[in-house]
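*Asks:* Listed here are the chains, written in short residue letters.
There are 2 protein chains.
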Amino acid sequence: MELSGDCESTTEKSEVTGNGDTETQENVAQSWLRGATFREILGSDVSHKSLFVLLSGVNDEQGVFLMNKSAFSEDANDINTILRSAELIEIMKNDIYGSYNAVIPSHLNMVKSQLIYPANEKIVAKYRQEEKFIVNETAEDYRTITVKYIENIEKYQLEIQCEAERILFEDPDPYNGFILAPDIKWDGVSLENLYVLAMIHRRGVRSIRDLTANDLPLLENVRSRALCAIREKYGARPDQIRAYFHYQPSFYHLHVHFVSLKYDAPASSTLAAVLLDDVINNLKIAPDYYRRATLSFTRKNSDKLLQMFREAGRCEA
Amino acid sequence: MELSGDCESTTEKSEVTGNGDTETQENVAQSWLRGATFREILGSDVSHKSLFVLLSGVNDEQGVFLMNKSAFSEDANDINTILRSAELIEIMKNDIYGSYNAVIPSHLNMVKSQLIYPANEKIVAKYRQEEKFIVNETAEDYRTITVKYIENIEKYQLEIQCEAERILFEDPDPYNGFILAPDIKWDGVSLENLYVLAMIHRRGVRSIRDLTANDLPLLENVRSRALCAIREKYGARPDQIRAYFHYQPSFYHLHVHFVSLKYDAPASSTLAAVLLDDVINNLKIAPDYYRRATLSFTRKNSDKLLQMFREAGRCEA
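As given, the protein sequences belong to chains L and U, one line each in that order. Just so you know, this note's numbering puts 165 at position 165 of the first sequence, and the rest follows in order with no gaps. Just so you know, this note's numbering puts 175 at position 175 of the second sequence, and the rest follows in order with no gaps.
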């Protein structure tokens with residue numbers, strides 16, 4: 001998984017600084033960075049090539065520095081520039097195969113970074129990577145632990161709102177209908193990372209745990225009409241769209257993620273995502289499947305739900 | 001997913017060139033690269049930051065150039081070097097948040113690369129990324145299509161061999177026993193990407209499709225003893241190990257992957273991996289679950305099994 005926090009939060013507060021003092025601001029940030037000392041690695045992802053570090057500045061205020069290697073440019077001129085100028089440092093050579101460390105021009109090898117300073121404890125905590133643990137939730141655990149957790153957070157949950165102008169498709173039926181809209185993570189253009197959400201109209205279906213065979217018409221309706229609408233609107237083939245629920249979901253009103261097969265989306269892997277096709281299949285095999293199943297998912301160490309499972313003696317402390 | 005092929009194949013053929021002519025070889029490779037022309041992007045992965053390109057050299061021979069951005073060093077001195085020398089180019093500044101393109105020292109920003117030349121068509125095909133498609137295999141499809149596919153490849157399949165010296169644990173029972181050994185992809189040291197395989201002793205269980213509730217003792221035995229052995233040997237907690245089958249598997253003798261939760265392993269996502277816990281749960285809910293289930297997986301466009309599904313009219317052409 002890519003470390004979260006890449007390029008988010010930058011528009012959260014106040015207005016963007018005007019052009020007039022950009023250069024000064026830039027120098028200020030760079031000066032702050034040069035005077036800062038490395039304190040701690042908050043997070044690291046070797047497969048996505050990112051590193052989040054905690055710094056302390058000259059006046060002892062804290063800062064968070066987030067670094068992500070940039071993806072390669074796919075522009076032919078840029079690639080030819082790399083060929084012309086790459087310096088190869090040999091690691092191994094064997095017949096037709098050679099391994100090298102290559103130095104390429106810095107403008108084609110930028111690090112996308114964010115510097116946040118001064119950073120309070122809440123910000124530092126947000127970027128501190130936490131260990132995750134697997135929870136195996138039995139049907140009984142769901143009823144005695146998870147439902148309490150959900151009821152508690154629901155009190156604080158905002159009404160789900162959808163921006164009407166972004167809706168791609170709507171089936172207005174109140175029982176089996178839904179709306180389809182681009183996810184906020186998607187730019188709405190690049191098909192490589194197409195990401196669309198279907199939100200059902202019916203209230204009270206919190207997650208896949210609430211589904212029975214009675215809901216098959218709802219699920220099959222969402223599957224066929226959403227895939228159809230996505231094909232019509234974007235030309236994407238149904239057999240190149242991965243459709244799944246999250247379990248646990250981030251909010252407890254049933255919704256389905258429709259994501260390009262080419263996109264390695266956050267939380268699309270096992271222990272986080274459950275395929276819509278699998279849910280339909282499971283309910284056909286056993287109408288009360290989700291009332292009986294043990295479902296597995298991961299939670300961060302400081303997570304409230306994990307804490308509740310641990311307190312109940314259902315997870316190792 | 002990281003593009004496959006990173007740092008593999010380099011030891012496949014002949015002996016490593018001696019130290020004596022390293023410098024010459026290096027210059028030869030670099031000269032070849034400088035004289036080469038970009039032809040085609042064979043593969044690209046923006047989330048793992050890699051790019052595979054096809055080149056043609058001055059004498060028209062083909063070459064394949066594989067580039068992967070390196071992960072950040074986590075060494076404190078290296079991080080302090082970045083702080084001292086990073087040049088920040090501002091993208092956006094907003095209150096305490098700033099986004100920048102950063103130029104960092106090239107020795108901390110290497111591109112891990114492989115150059116393969118001259119490359120024949122087979123090598124080029126190996127590194128050419130292919131589109132994938134989802135197959136929904138019903139139980140009937142399995143019997144009429146997939147079994148034929150398996151029987152055909154089994155004729156060519158080598159006897160499964162295990163290097164005795166690498167075995168971590170063995171339960172010798174011929175019916176419910178198994179051997180546990182590090183996967184060849186794992187160095188056996190770094191717990192972050194721990195990867196261990198359990199191979200059952202019993203013959204004739206080709207994949208999860210062959211499992212029924214009668215096999216629960218086998219599956220529960222593998223789960224508990226393998227997790228125990230991994231904890232004993234490496235100190236890894238059972239709730240930080242992801243245990244799964246591949247479906248379709250790469251070879252048809254039942255085996256289970258035990259992988260660190262921290263490691264985003266190839267083919268560990270939905271549509272490729274099926275959790276051992278889910279398989280056990282499914283067989284408890286319906287003893288003949290895998291004789292009735294529709295199972296979904298992806299195949300590359302040129303794949304033989306996908307072709308068979310298409311010929312049978314079970315997948316869109």
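Among the clues, some could well be false.
The list makes no distinction among identical chains, and a pair is therefore deemed to hold if it is satisfied within one copy or across any two copies.
Calculated cross-link-like contacts (lysine-lysine; reagent style BS3-like; alpha-carbon spacing at most 27 Å) [claimed, not checked]: (1) Lys185 x Lys93; (2) Lys126 x Lys93; (3) Lys122 x Lys132; (4) Lys304 x Lys132; (5) Lys284 x Lys233; (6) Lys185 x Lys112; (7) Lys93 x Lys233.
For the record, the hints were derived by calculation from the structure and aren't laboratory data. Here the structure is a predicted model, which is why all the values come from computation and not from measurement.
*Asks:* Have a look at lysine 304 and lysine 132 and pick one of within, between, both or neither, based on CA distance no larger than 27 Å.
*Replies:* within (13 Å within a copy, 38 Å between copies)
*Asks:* Should lysine 126 paired with lysine 93 be assigned to within, between, both, or neither, using CA atoms and 27 Å as the limit?
*Replies:* Only across copies: lysine 126 and lysine 93 sit 20 Å apart there, 44 Å inside one copy, limit 27 Å.
*Asks:* For the identical chains here, do lysine 93 and lysine 233 meet the 27 Å Cα criterion within one copy, between copies, both, or neither?
*Replies:* Classified as neither: same-chain Cα gap 49 Å, cross-chain 36 Å, threshold 27 Å.
*Asks:* With 27 Å as the alpha-carbon cut-off, assign the pair lysine 185 and lysine 93 to within, between, both or neither.
*Replies:* Close across copies (21 Å), not inside one copy (43 Å); limit 27 Å.
*Asks:* Tell me, please, which holds for lysine 122 and lysine 132 at an alpha-carbon limit of 27 Å: within, between, both or neither?
*Replies:* within (19 Å within a copy, 41 Å between copies)
*Asks:* My question is about lysine 185 and lysine 112: at a cut-off of 27 Å on alpha-carbon distance, are they close within one copy, between copies, both, or neither?
*Replies:* Close inside one copy (18 Å), not across copies (30 Å); limit 27 Å.
*Asks:* Can you tell me if lysine 284 and lysine 233 fall within 27 Å by alpha carbon in one copy, between copies, both or neither?
*Replies:* So lysine 284 and lysine 233 fail the 27 Å test inside a copy (30 Å) and across (42 Å) alike.
Of the numbered hints stated above, those contradicted by the structure are hints 5 and 7, listed in ascending order.
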